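Asker: Each chain is listed here by its residues.
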Amino acid sequence: MIEIFGIPSSALFGQLLIGLINGSFYALLSLGLAVIFGMLNIINFTHGAQYMLGALVAYLLLKYSGLGYWPALIIVPVLVGIVGVLIERVFLQWLYKLDHLYGLLLTFGLALIIEGVSRNYLGSAGLPYALPDSLRGGQNLGFMFLPNYRVWVIVASLTVCLGTWFMIERTRFGAYLRAATENPSLVRAFGINVPRMITLTYGFGVALAAFAGVMAAPIYNVSPNMGSELIIVVFAVVVIGGMGSILGAIVTGFGLGIIEGLTKVFFPEASNTVIFVIMAIVLLVSPAGLFGRRA
Amino acid sequence: MRKTLVLAALSAALLCGGANAQQINVKIGVLTDMSSLYKDATGPGSVEAAKMAAEDFMKTHPIFKVEVVSGDHQNKPDVGVQIANQWIDVEHVDMIADVPNSGVALAITQVAAQKNKVFVASGPAASDLTGPKCNANMVHWTYDTWMLANGTGKAIVKNGGDSWFFLTSDYAFGHALERDTSAVVIANGGKVVGAVRHPINTSDFSSFLLQAQQSKAKIIGLANAGGDTINAIKQGAEFGIVAGGQRFAGLLVFASDVNALGLKTAQGLSLTETFYWDTNDATRAWTKRWQANLKTPDKWPTMNQAGVYAGTLHYLKAVAALKSAADGKAVVAEMKKEPTDDPLFGKGSVRADGRVLHPAFLFEVKKPEESKYPGDFYNLKSTIPADQAFRPLKDGNCPLVSG
Numbered sequence: 000m001i002e003i004f005g006i007p008s009s010a011l012f013g014q015l016l017i018g019l020i021n022g023s024f025y026a027l028l029s030l031g032l033a034v035i036f037g038m039l040n041i042i043n044f045t046h047g048a049q050y051m052l053g054a055l056v057a058y059l060l061l062k063y064s065g066l067g068y069w070p071a072l073i074i075v076p077v078l079v080g081i082v083g084v085l086i087e088r089v090f091l092q093w094l095y096k097l098d099h100l101y102g103l104l105l106t107f108g109l110a111l112i113i114e115g116v117s118r119n120y121l122g123s124a125g126l127p128y129a130l131p132d133s134l135r136g137g138q139n140l141g142f143m144f145l146p147n148y149r150v151w152v153i154v155a156s157l158t159v160c161l162g163t164w165f166m167i168e169r170t171r172f173g174a175y176l177r178a179a180t181e182n183p184s185l186v187r188a189f190g191i192n193v194p195r196m197i198t199l200t201y202g203f204g205v206a207l208a209a210f211a212g213v214m215a216a217p218i219y220n221v222s223p224n225m226g227s228e229l230i231i232v233v234f235a236v237v238v239i240g241g242m243g244s245i246l247g248a249i250v251t252g253f254g255l256g257i258i259e260g261l262t263k264v265f266f267p268e269a270s271n272t273v274i275f276v277i278m279a280i281v282l283l284v285s286p287a288g289l290f291g292r293r294a
Numbered sequence: 000m001r002k003t004l005v006l007a008a009l010s011a012a013l014l015c016g017g018a019n020a021q022q023i024n025v026k027i028g029v030l031t032d033m034s035s036l037y038k039d040a041t042g043p044g045s046v047e048a049a050k051m052a053a054e055d056f057m058k059t060h061p062i063f064k065v066e067v068v069s070g071d072h073q074n075k076p077d078v079g080v081q082i083a084n085q086w087i088d089v090e091h092v093d094m095i096a097d098v099p100n101s102g103v104a105l106a107i108t109q110v111a112a113q114k115n116k117v118f119v120a121s122g123p124a125a126s127d128l129t130g131p132k133c134n135a136n137m138v139h140w141t142y143d144t145w146m147l148a149n150g151t152g153k154a155i156v157k158n159g160g161d162s163w164f165f166l167t168s169d170y171a172f173g174h175a176l177e178r179d180t181s182a183v184v185i186a187n188g189g190k191v192v193g194a195v196r197h198p199i200n201t202s203d204f205s206s207f208l209l210q211a212q213q214s215k216a217k218i219i220g221l222a223n224a225g226g227d228t229i230n231a232i233k234q235g236a237e238f239g240i241v242a243g244g245q246r247f248a249g250l251l252v253f254a255s256d257v258n259a260l261g262l263k264t265a266q267g268l269s270l271t272e273t274f275y276w277d278t279n280d281a282t283r284a285w286t287k288r289w290q291a292n293l294k295t296p297d298k299w300p301t302m303n304q305a306g307v308y309a310g311t312l313h314y315l316k317a318v319a320a321l322k323s324a325a326d327g328k329a330v331v332a333e334m335k336k337e338p339t340d341d342p343l344f345g346k347g348s349v350r351a352d353g354r355v356l357h358p359a360f361l362f363e364v365k366k367p368e369e370s371k372y373p374g375d376f377y378n379l380k381s382t383i384p385a386d387q388a389f390r391p392l393k394d395g396n397c398p399l400v401s402g
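Taken in order, these protein sequences are the chains called X and Y. Under numbering that gives the first Met the number 0, read the first sequence as residues 0 to 294, first letter to last. Under numbering that gives the first Met the number 0, read the second sequence as residues 0 to 402, first letter to last.
Derived from the structure by calculation, the hints contain no laboratory data. Source: prediction; values computed, not measured. Wrong hints could be hidden among the right ones.
[Stated by the list, open to error] Straight-line distance between alpha carbons at most 30 Å, and here's what the computed DSS-like set of lysine-lysine pairs gives: (1) Y:366 - X:62; (2) Y:371 - X:62; (3) X:62 - Y:294; (4) X:62 - Y:263; (5) X:62 - Y:365; (6) Y:371 - Y:294.
Turn these sequences into a full structure, and let the hints steer you where they fit.
Answerer: Here it is as structure tokens:
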């Protein structure tokens with residue numbers, strides 16, 4: 000068997016694939032952040048809590064109304080998205096004219112409140128959520144065992160990412176949206192309801208987080224802390240990709256997933272740190288991120 | 000007018016003092032994790048357990064008035080020490096219980112020694128508490144790292160699980176657990192084929208699981224805790240670890256973790272605990288009462304929470320014998336003199352180094368179809384008698400013993 004740096008090549012293929020799958024989670028989460036920052040100029044620190052809410056609501060739906068994974072995949076993003084719309088209407092809309100810092104503080108505070116309340120009612124140990132029966136099992140690829148659910152994660156994540164990119168960069172609605180971020184008053188003059196569009200965009204970004212939460216529920220521990228553990232990495236992904244760049248978020252998400260996966264083989268102790276090392280280097284070389292527009 | 004008020008207050012105070020002349024006040028502080036990762040394994044459930052112990056004790060000892068207060072150490076030693084100092088200096092707390100998180104507990108045991116109060120350590124795992132860091136003011140209930148490693152490691156090797164691969168949390172607790180378990184595995188004729196150190200609070204274990212799978216080890220030892228253990232097992236089920244013939248050994252798994260995983264995912268997991276709610280009628284009755292008081296019918300008490308109850312009860316018995324809680328060292332000496340006896344851990348004893356000796360149990364998590372009612376989690380595989388469950392006294396290097 001061929002060995003690369005002392006690791007059998009078959010093991011390496013497995014790790015690359017795993018990295019790609021984890022990357023698709025990063026991509027899905029950072030996508031929502033990038034959409035919200037790009038369109039609203041808000042650094043949405045509540046994103047982790049909204050991702051966690053996605054998983055929790057999926058659990059509650061299963062427990063109290065018997066609705067399983069597939070209905071949850073549609074219903075939960077809508078429900079949590081509505082919560083997002085309320086947050087935008089009640090709080091965020093007053094902050095657009097102020098410095099980024101205010102939005103950051105507000106969303107950070109909201110995240111702490113949401114997590115605290117969930118912990119109070121649901122505890123911290125976590126809640127059970129089983130794999131849907133239709134996605135149980137997996138394929139033996141020879142060099143690794145690939146669970147069916149992970150295949151589904153890649154497919155769903157790629158579809159959602161590309162769909163979102165297409166909607167914002169290639170459709171009329173997306174064009175309005177981009178125009179409204181550049182010059183809201185001009186777009187308003189054309190008779191377009193800009194505030195409503197902004198509200199819906201925030202709701203959509205939040206729904207993306209909740210979607211990722213439902214995707215995560217069967218494989219990650221469903222607990223009030225799950226968001227805060229992931230959100231920092233996701234922020235690093237967005238910063239490396241370039242704040243507000245949608246394509247940047249997607250490409251960096253997948254790329255960093257792979258790099259992190261390889262680190263887990265060669266030097267596992269550093270697997271939490273490697274993303275931040277890359278972030279520091281990228282910021283030194285290109286302060287606007289890899290795909291960001293220079294201010 | 001002012002004078003009258005002062006006089007009235009003074010006489011009222013005197014009156015109260017007179018009425019309570021016979022009463023002995025004892026105050027217990029449950030220092031725990033109310034808001035973070037150990038909240039379900041300890042937290043409010045531990046506070047309730049201490050209150051139940053106080054209640055049961057006062058029924059038979061009416062001249063005592065036992066008060067329970069609680070505090071959140073936030074898993075930070077400095078916060079814990081600050082609360083402990085405040086409790087002892089200002090609020091006259093006589094005993095501190097629980098303290099999950101070994102880092103905080105190692106700081107608290109020093110506070111208790113300095114101020115001559117009592118620390119009933121039912122929450123922390125570090126075996127150093129009865130080893131190099133032991134003192135005459137501390138009693139260690141429930142479990143420790145040596146016992147976890149020995150209980151699970153030995154039994155599994157004897158049942159044929161003789162090759163191990165470790166998933167280890169990359170900090171002091173994980174390293175200690177891996178080191179102790181490796182020693183047990185090797186001493187019993189097994190071998191360790193590899194280990195991987197993962198950062199604490201890792202959400203994705205797939206990469207590590209793949210390495211464990213490729214190692215072909217029969218047993219994957221989880222030298223981690225809480226969310227990390229849950230994530231590893233959950234994703235292990237997904238990656239067909241158990242279906243592929245390998246088995247997980249949870250080196251620190253609480254009933255609350257099994258509840259979080261669900262039996263479908265956790266089935267077949269081996270683990271060691273010293274208390275299981277469904278052991279006998281006494282533990283079941285206690286659990287019912289605990290659930291009713293907390294209004295949580297779908298949660299089950301962990302061994303730590305049971306340890307708070309048993310430890311508090313034994314402490315209060317010692318105070319009753321001395322009729323005073325003032326001298327912490329004297330109370331602990333009395334606790335060591337008397338055998339322990341409570342409905343949750345049964346009969347046991349406290350050793351010179353502060354280690355409480357009680358049996359430990361090796362459990363296997365049931366299959367979903369074997370579970371007949373909610374909370375029916377475990378099959379008992381073997382019982383480790385009290386004299387074998389814990390580290391021998393001479394190996395601990397406790398200054399109290401070696402002099």
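Asker: Hint numbers the structure violates, sorted upward?
Answerer: none
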